[in-house]
Amino acid sequence: MDVLGSLGDGFWIAITWQNMALALLGCFLGTVMGALPGLGPSNGVAILIPLAFTLGLPATPAMILLTSVYFGAMYGGRISSILLNIPGDEPAMMTCLDGYPMAQQGRAGEALALSGVASFVGAFLSTWGLVFLAPQLVKLALLFGPAEYFALFTLAFATLGGISSSNQAKSAFAAALGVGIAMVGVDGQTGVPRFTFGEVHLYDGIDFLVAIVGLFALSEVFVFLEHRGKETAEGKAATVGIGRITPSMSVLRKCTPTMLRGSALGFVAGVLPGAGASLGSFIAYSFEKKLVDREGTFGKGDPRGVAAPEAGNNAAAGGALVPMLALGVPGSGTTAVLLAMLLALNITPGPLLFQQNPDVVWGLIAALFIANFMLLAMNIPMVGMFVRVLLVPPRILMPIVAMVSFVGIYGISGSSFDLLVMVVFGLLGWVLRKLDVPLVPIILGVLLGNQMEANLRRALTISDGEWGILFASPLALVLWAIAIIGFILPIVVGGVMRRKMRGGLAD
Amino acid sequence: MSDRVFGGIGLALAVFFIWQATQIQLSFISDPVGPRTFPIIVGVVLGLASLVILIRPDAAPDWPRATRLLEIAVAAAVMVAYALLLPELGFVIATALAATYLTWRLGTVPLWSFVVGIAISLGIYAVFALALGLSLARGPLGF
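Protein sequences, first through last, are from chains W and G.
For what it's worth, the working numbering labels the leading residue of the first sequence as 91, then goes sequentially.
For what it's worth, the working numbering labels the leading residue of the second sequence as 7, then goes sequentially.
Isolated chain W, as found in the complex:
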């Protein structure tokens, strides 16, 4: 088969000492970042982008490093959920529900091992999903013209705020702000400067890496400054015994169907634009609870309640890579950050990526398979090492995060101006977080704004200024319809869902 042949070639590309070392490093760093409360997949990857960039890594190794971090963070998020009842990152929230009760019953080791296996199953199956679904999506994407791409970008913005955002007006605000920031700089088609106010530094536009690191990483430092002195994780991890770290075969057998169902649901949630890993774990958990919770043990330390969300969120991580690689439209916050890396390397994802740089795509996918096995090894026998990482207090961790962010950005450009812009974005990120404005649409806007405009203008050049071309093809109409439904649906359904999510945590 064609796909398997390409995948085989991918393994030849992936298996080099350098790539394997990067995958191992990425898995390790990712698990650490996932485990630490306050650092999740999106800001973990954001911090490391400048590093990958300044090291001068070519595209394939750079993507291998960063996606390993991404997957690692998805694995690692469960550790603090289970031990501390504090989710290491947002998608790990549902794992608290049954994971922490298990830890309180002295079964923390079992919960960690089981969730490690569940993470593996979810991530492994979804990587297979990626192998088969992405080329199909590419075939569809080849039918896209500029008008369809413009509709697709609109769809991405309309649905990205999605179910996790509480206020669609704020998502729209964030998207418009991001696209607006992208407008700064010299216009690509006519060469006139826009919104530069005569400042030479702005002629190149605002570097999206600066915006991303500021919004995601630096704002976290401000959040910790704000909450200093409140309850910290210090010492708490030590009080929970870990117990045996291998899950018994009977528990594993009991959880196998759960993991398979969770993986399937999570993968679908990941592929859908805007839904992402948080939704994947939420759906997997709620579905499993409805289906098998006859004795009412969910929420009281049922192993299946640990396996379902972990399979779900890791499968969603793989699923979110599908639209990112095949269409150039990310399905979640972290994939948006990964997209930034690709764009910074002058590689445009989408159908052309599969034709022009198949080595990048298939090398990356092959590396993901290998990374999954590395993560399984790291997350079960060596989980104790990561538990110790939780003892690093934020008062030491956060300055490191801040300084590494500065080093990374300075390493790319060597300009103090970029550092100042980053501080501004850090403060902006803190204020917007306080106001419950989602940050991911801003990033997506900064990333995709120029492409969106270019496609609009290309479409209208083809039609000689006739705006009707945007709605001329059936494909475009379908995309517009999904965009409108995707924007309106959360206003109707979202409230109910969020109450359930919060309610579930409060129990």
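Among the hints, erroneous ones may be present.
Derived pair list, reagent style DMTMM-like, types lysine to aspartate or glutamate, alpha-carbon separation capped at 25 Å [unchecked claim]:
(1) W/K524 with G/E94
(2) W/K524 with W/E385
(3) W/K229 with W/D92
(4) W/K524 with G/D68
(5) W/K229 with W/D99
(6) W/K524 with G/D64
Hints in this document: simulated from the structure, not taken from any laboratory.
Here the structure is a predicted model, which is why all the values come from computation and not from measurement.
Given chain W, work out where chain G should sit, using these hints.
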């Protein structure tokens, strides 16, 4: 109330953005859309979203007390100072100072903050400059 202020600022920003977009100079070669139209559309979306936020605000968030706000402002000022002083002092000294300040304000006792700050600076220098060969800012002392 926070959202009303926020919506107001957003609206002002949108108006400013649209006004600036109309000031973009046109070049004699242009496509049918030109460089102004899309920014104006973006400005309109920004304005509409701000208007909705203004009219239907969410509950206000828990703003920290004034002392904490000052704390964040000073931390930002330290970061700005760091950005400006980095080329002057060199990486190791500037980073040690900034990291010391941040870890102190996050709750480390003063003497230890100094130790932690220097350790962070040297650690990052060792990993990034010595091991990975990144060129960091060189000060008068060469590091």
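Evaluated hints:
1. The hinted pair formed by W/K524 and G/E94 fails the criterion: a straight-line CA distance of about 35 Å is larger than 25 Å.
2. Distance hint between W/K524 and W/E385 is unfulfilled; the C-alpha atoms sit about 40 Å from each other, more than 25 Å.
3. Distance check on the hinted pair: W/K229 and W/D92 sit about 14 Å apart at the alpha-carbon level, within 25 Å; holds.
4. A distance of roughly 8 Å separates the Cα atoms of W/K524 and G/D68; the hinted pair therefore holds under the 25 Å criterion.
5. At roughly 20 Å between alpha-carbon atoms, W/K229 and W/D99 fall within 25 Å of each other, so this suggested pair holds.
6. Proximity of W/K524 to G/D64 is assessed by CA-CA distance (about 12 Å); at most 25 Å being required, the pair is judged to hold.
Violated hints, listed in ascending order, are 1, 2; each of the other numbered hints is respected by the structure.
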